[in-house]
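A.B. asks: Sequence:
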Amino acid sequence: MSVTAMIRAMRPHHWLKNGLVFVPILLNHEVFDPTTLWHGVVAFVAFSLLASAIYLLNDIKDVEADRRHPTKCKRPLAAGEITVAQAYAAVPILLVAAFSTAWLVPQPRIYLLALAAYLVLALAYLLVLKRKLLVDVLGLASMHTLRILAGNAAAAIPVSSWLLAFSMFLFLSLALVKRYAELRITQDQSGLKSAGRGYHAEDIEALSQLGMASGCTCALIMALYVDSAAVKQLYRHPEVIWLVCPIILYQMARIWFLARRGQMPDDPLVFMIRDWRSQIMGLLVMLVMVVATVLP
Numbered sequence: 013m014s015v016t017a018m019i020r021a022m023r024p025h026h027w028l029k030n031g032l033v034f035v036p037i038l039l040n041h042e043v044f045d046p047t048t049l050w051h052g053v054v055a056f057v058a059f060s061l062l063a064s065a066i067y068l069l070n071d072i073k074d075v076e077a078d079r080r081h082p083t084k085c086k087r088p089l090a091a092g093e094i095t096v097a098q099a100y101a102a103v104p105i106l107l108v109a110a111f112s113t114a115w116l117v118p119q120p121r122i123y124l125l126a127l128a129a130y131l132v133l134a135l136a137y138l139l140v141l142k143r144k145l146l147v148d149v150l151g152l153a154s155m156h157t158l159r160i161l162a163g164n165a166a167a168a169i170p171v172s173s174w175l176l177a178f179s180m181f182l183f184l185s186l187a188l189v190k191r192y193a194e195l196r197i198t199q200d201q202s203g204l205k206s207a208g209r210g211y212h213a214e215d216i217e218a219l220s221q222l223g224m225a226s227g228c229t230c231a232l233i234m235a236l237y238v239d240s241a242a243v244k245q246l247y248r249h250p251e252v253i254w255l256v257c258p259i260i261l262y263q264m265a266r267i268w269f270l271a272r273r274g275q276m277p278d279d280p281l282v283f284m285i286r287d288w289r290s291q292i293m294g295l296l297v298m299l300v301m302v303v304a305t306v307l308p
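Okay, so the sequence shown: first residue is 13 according to my numbering, each after it adds one.
Just so you know, these hints were derived from the structure itself, not from any lab.
Being a predicted model, the structure only gives us computed values, none of them experimental.
Don't take each hint at face value.
Claimed, not checked - Taking lysine to aspartate or glutamate and the EDC-like style, the derived pairs with C-alpha atoms no more than 16 angstroms apart in a straight line are: (1) Lys84 - Glu194; (2) Lys84 - Asp74; (3) Lys144 - Asp215; (4) Lys86 - Asp74; (5) Lys86 - Glu76; (6) Lys144 - Glu194; (7) Lys84 - Asp279.
Stated by the list, open to error - Cβ pair distances, simulated, as ranges: (8) Ser240 - Glu217: 31 to 41 angstroms; (9) Val96 - Gln245: 48 to 58 angstroms; (10) Gln221 - Tyr262: 16 to 26 angstroms; (11) Pro308 - Val171: 23 to 33 angstroms; (12) Lys86 - Tyr262: 49 to 59 angstroms; (13) Val96 - Leu176: 21 to 31 angstroms; (14) Leu236 - Arg79: 17 to 27 angstroms; (15) Leu236 - Pro170: 17 to 27 angstroms; (16) Arg196 - Arg143: 18 to 28 angstroms; (17) Ala91 - Arg286: 21 to 31 angstroms; (18) Val15 - Leu296: 35 to 45 angstroms; (19) Gln245 - Cys85: 36 to 46 angstroms; (20) Val303 - Ile19: 38 to 48 angstroms.
In this text, a Cβ means the ideal position worked out from N, Cα and C, and glycines have one as well.
Using the sequences provided together with the hints, build the complete structure.
C.D. replies: Structure representation (structure tokens):
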């Protein structure tokens with residue numbers, strides 16, 4: 013077995029998405045608390061291991077379809093660099109390692125519940141939901157939101173309904189981008205059916221409209237959050253947070269413009285983490301938050 017091939021099959025480049033566990037820590041202004049940060053690191057490692065196990069199971073299940081796909085055929089399992097038996101053997105090791113991190117956090121029961129909920133939803137997506145129209149993107153959005161909830165549980169931070177609402181619409185829009193990008197690659201209806209998806213080529217415009225609407229809703233939720241009681245407890249000048257709204261609108265609109273031009277990879281969240289313009293937008297959001305907090 014090639015160790016490097018197994019590591020690539022675990023998709024470490026997708027581990028960046030698990031940085032979402034740090035969002036509650038950042039928004040609760042506890043980024044300088046070493047204990048809280050350590051608990052965030054524990055959740056990050058656990059979700060990375062858990063996600064890798066799911067990726068291996070996904071590749072095992074879809075190995076034949078991946079071999080016929082123009083880009084997924086390069087995955088280690090589809091390319092024959094590792095065997096199905098080797099992938100199966102790695103899955104329980106990764107799952108045990110992920111769940112064993114529970115003893116490192118202050119509220120292990122809630123944390124374990126978040127990990128278990130993610131695992132159940134991920135398996136349901138793998139076996140059933142990924143072939144269901146629209147249910148698949150709702151499942152993807154929920155899995156991203158569960159990462160944030162796990163960050164809350166690991167750091168013992170109360171759950172914010174505002175953050176949950178914002179994240180669900182944000183990740184729904186990004187999940188729709190992901191599905192839209194896949195549909196652009198396999199436009200013919202027979203290819204879509206053989207890939208096990210519930211979409212037809214003519215659905216692509218509806219996905220685009222729904223995704224852009226979800227992205228705009230994120231900005232609306234942020235605007236409503238500015239006038240809430242919760243924001244006044246965290247920021248001296250909550251009105252400065254209004255500046256985040258046009259940044260969100262720009263970012264979501266740009267993502268969809270790129271997707272419609274065929275310039276978006278199949279995972280927009282990873283793209284946003286790596287894209288330098290998106291990084292600047294993220295830095296601007298953090299700068300706005302800092303100014304709203306420290307401005308006299």
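A.B. asks: Would you mind marking each hint as holding or not holding in the structure?
C.D. replies: Hint by hint, here is what the structure shows:
With a C-alpha separation of about 11 angstroms, the suggested pair lysine 84 and glutamate 194 falls inside the 16 angstroms cut-off, and the hint holds. Taking the CA atoms of lysine 84 and aspartate 74, the gap is about 10 angstroms. The hint holds against a cut of 16 angstroms. Restraint check for lysine 144 and aspartate 215: the C-alpha separation of about 13 angstroms stays at or below 16 angstroms, so the hint holds. Between the alpha carbons of lysine 86 and aspartate 74 the distance comes to roughly 13 angstroms, so the proposed pair stays at or under 16 angstroms and holds.
For the proposed pair lysine 86 and glutamate 76, the alpha carbon gap of about 12 angstroms is at most 16 angstroms, so the pair holds. Of the supplied pair hints, the one linking lysine 144 and glutamate 194 holds, its CA atoms being roughly 15 angstroms apart against a limit of 16 angstroms. Pair hint lysine 84 plus aspartate 279 holds up; C-alpha atoms about 13 angstroms apart against a cutoff of 16 angstroms. Between serine 240 and glutamate 217 the C-beta distance comes to about 35 angstroms, which sits within the given range of 31 to 41 angstroms.
Range check, valine 96 to glutamine 245: about 52 angstroms between beta-carbon atoms, so the 48 to 58 angstroms window is met. Roughly 19 angstroms separates the CB atoms of glutamine 221 and tyrosine 262, a value that falls within the hinted 16 to 26 angstroms. Between proline 308 and valine 171 the beta carbons are some 31 angstroms apart, a value that agrees with the proposed interval 23 to 33 angstroms. For the pair lysine 86 and tyrosine 262, the beta carbons lie near 33 angstroms from each other, so the given range of 49 to 59 angstroms is not met.
Between valine 96 and leucine 176 the CB atoms are about 38 angstroms apart, so this pair departs from the stated range of 21 to 31 angstroms. At about 47 angstroms, the CB distance of leucine 236 to arginine 79 disagrees with the hint of 17 to 27 angstroms. Judged by the Cβ atoms, the range 17 to 27 angstroms given for leucine 236 and proline 170 holds: they are separated by roughly 19 angstroms. A hinted range of 18 to 28 angstroms for the beta carbons of arginine 196 and arginine 143 is consistent with their spacing of about 19 angstroms.
Range check, alanine 91 to arginine 286: Cβ separation about 23 angstroms, and the 21 to 31 angstroms hint holds. Against the hinted window of 35 to 45 angstroms, the Cβ-Cβ separation of valine 15 and leucine 296 comes to about 40 angstroms, which satisfies the hint. A C-beta distance of roughly 52 angstroms is found between glutamine 245 and cysteine 85, which places it outside the suggested range of 36 to 46 angstroms. Restraint check, valine 303 to isoleucine 19: a C-beta distance of roughly 41 angstroms satisfies the suggested window 38 to 48 angstroms.
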